[in-house]
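Enquirer: Taking the hints into account, I'd like the entire structure generated from these sequences.
Those protein sequences? They're chains A and B, same order as listed.
Take the first sequence: its letter number 276 is residue 276 in this note's numbering, and every next letter is one higher.
Take the second sequence: its letter number 108 is residue 1108 in this note's numbering, and every next letter is one higher.
The hints are simulated quantities; they were obtained by calculation from the structure and are not laboratory data.
Treat the numbers as computed from the prediction; the structure is a model and nothing was measured.
There could be a bad hint or two in this list.
Where chain A lies over chain B, by a calculated footprint (3+ residues, C-beta under 8 Å) [claimed, not checked]:
| hint | stretch |
| --- | --- |
| 1 | 1010-1019 |
| 2 | 1105-1116 |
Taking CB as the label site, the calculated pair distances span [as the list claims (entries may be wrong)]:
| hint | chain 1 | residue 1 | chain 2 | residue 2 | range |
| --- | --- | --- | --- | --- | --- |
| 3 | A | Gln266 | B | Gly1043 | 53 to 59 Å |
| 4 | A | Ala325 | B | Gly1043 | 49 to 55 Å |
| 5 | B | Leu1163 | A | Gln19 | 40 to 46 Å |
| 6 | A | Glu58 | B | Asp1030 | 49 to 55 Å |
For every residue, glycine included, the Cβ atom is placed at its ideal position computed from N, Cα and C.
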Amino acid sequence: MFQKILIANRGEIAVRIIQACQEMGIATVAVYSEADAAALHTMLADEAICIGPSAPGESYLRIDKIVAVAQQTNCDAIHPGYGFLAENADFAVAVKAANLTFIGPSAAAMRIMGSKTMARAAVQAAGVPVIPGYQASNADADLIAAAQALGFPVLVKASAGGGGKGIRVVREIATLPTALQAARREAFNAFGDDQLYLEKLIEDAHHIEFQIFGDQFGNIVHLFERECSIQRRHQKIIEETPSPLLDANLRQRMGETAVAAARAVQYLNAGTIEFLVDSARNFYFLEMNTRLQVEHPITELTTGLDLVQTQIRIAAGERLPFQQADLTQRGHALECRIYAEDPANDFLPAIGQIWQIEFPHAPGVRIDPGIASGGEVTIYYDPLLAKLSVLGATRQAAIAKLQWALRHTVILGNVITNITFLRAVLNHPTFQQATSTTAFIDQTFASWQPSAGSPPVYALIAAALVGLQEKNRSSPNNAPPEMLGDPYSPWHHPNHFRMGSV
Amino acid sequence: MKQQIHLQAAHEVKTVTVEAAPDRVGVTIDDRTYHVVIRQQVGNRLLLEVDGQRLQIYVAADGDQSYIWLDGGAWTLQHVREERNQLSGQRSLAPNAASSSLMATMPGLVREVLVTAGDVVARGKTLVILEAMKMELRISAPQDGRISQVHCAPGQVVERNQLLVEFGE
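Expert: Shown next, in the form of structure tokens:
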């Protein structure tokens, strides 16, 4: 087993990995940028090394610096988390070249799955259904002819794609030539590669992914699905498992297909096969994420497994400690992502200070925090503050628990969060009846605004009491004599007093 | 003896009158008096009893702003020096339609500035590209016109509502 692991990430996932290492008795090294000097992950690791300025390109994306720190601190392995360098095959190669273990798949599997067209070809050869599409030629005339054969609407996608760049929805032949031109330009600017391919657009789909795991002995299993249809602008915000859409038969077929897709690239370690499921319950391979997923906690809650620890064991050369037949799911889990963003300002990122953050505690409530009291949210990184996950006996019980947990999550600061929005989504009948597809949020909440009503009278009372405490402390002569003369008065105990306790 | 404080939320100013008695505090808002007992105060956390209703409220003050967390909701209240009805609400933060200046709609890093003073631009032209948290935001011209001044430069970090570009005659 490894003695010391470097975590090449920040935020909640770095915190999660450090915690898993600590349980296993493995020392940890955090890396951080200048903006993260006091970030939560740097405080929890055994060692923390600054690797550069705040911009990710100068710190968390610097392969050379991260590998050098791992060597200097005598690490045996690097865990990349998700995002940043997690799906960068060059990073995996560099880690291996430095005689360190990369906790993840092989660089070869990452390269195949990182290319949309290579991934489609690889899994198709293994008998995995892919979204009907066309990638045989990159010439406009061929693409136009292929679109007519597929039938509209179609999606124009960049072969090198990612982050929604180079994607166009085309509903009729007349607009296709312009869309090809625009997508080509965008793809070239973003990826330096203007290759395009076509996919049939599947509307009102469910986005359902399967967690898979492979070891160095050729064992590959799936750990069931996660339903990720609740997305706002292609960003997942609430995930759940089991998916309300799947029955045992479809779950088994999709699970076996996911394992076949992973086997097609001799996949090692944790990965996720994403599928689209259409209204006729046909499913299609969408892509594979060659890393740990943000929403992995709901799989952990329902299977009772620790995916991060399993990742580390597999990377250290151990066998998968379970076979497919050993795996079952229990209960229903939901996760929501608490983001620093302003629902009243088009969900644009919000920044600022968090003076106090308090999470709820109850059976079946799990917190994955990325920030602590006193933390700061900056413009540089993903606005994910924390993940809140729950396990209930039923879907209904899990929804009630998540609503309770959100209501009792205290975030005191000048940072605006999406908590009111999450609560509104959970309260919506479409979500409660489990009929939501990927179109749900954008259609139903397109013009949603947090209620702009007056604050509750209790908020005014509290603000007035604390405001007058401040005022009287700064100029005690102005305080009314009865307040000063009263030994029980709150005004005397500006920092720490207890009333009502014996 | 009473003390008064004026709190503004959105466009409304409320006057809160606080009168302390030995065992409790009377707080009057809109002619209604609430009997408040502060059961505990630890750091930012207040345990209040308001007319018998128990409440846990978190309050932090930052200059003239009070930030409140209560029952799953967050509120920001501004302390104003005297009672002003609706007055401050007129001071709009965002530029209105007739305005000739463009503000940052989110805090972020100025990635690119695509115009210089003197440029004549058409409505919809991208003037400034902001970036925050991996998100790119294009600030476009709301009208045809001539740029009179540019107040930002690539690499600069701007606050929300900070002036970026001005239009002139």
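Enquirer: At a Cβ distance under 8 Å, does chain A reach at least three residues of the stretch 1105-1116 of chain B?
Expert: holds (count 5)
Enquirer: Would you say the C-beta atoms of Gln266 (chain A) and Gly1043 (chain B) sit inside 53 to 59 Å of each other?
Expert: 54 Å, holds
Enquirer: Between Glu58 (chain A) and Asp1030 (chain B), does the C-beta distance stay in 49 to 55 Å?
Expert: With a Cβ separation near 54 Å, Glu58 (chain A) and Asp1030 (chain B) satisfy 49 to 55 Å, so the hint holds.
Enquirer: Could you tell me whether the CB distance from Ala325 (chain A) to Gly1043 (chain B) stays inside 49 to 55 Å?
Expert: 52 Å, holds
Enquirer: Note whether the CB distance of Leu1163 (chain B) and Gln19 (chain A) lies within 40 to 46 Å or breaks it.
Expert: 44 Å, holds
Enquirer: Okay, the stretch 1010-1019 of chain B and chain A, do three or more residues pass the C-beta test at under 8 Å?
Expert: holds (count 5)
Every hint, counting from the list given before, is met by this structure.
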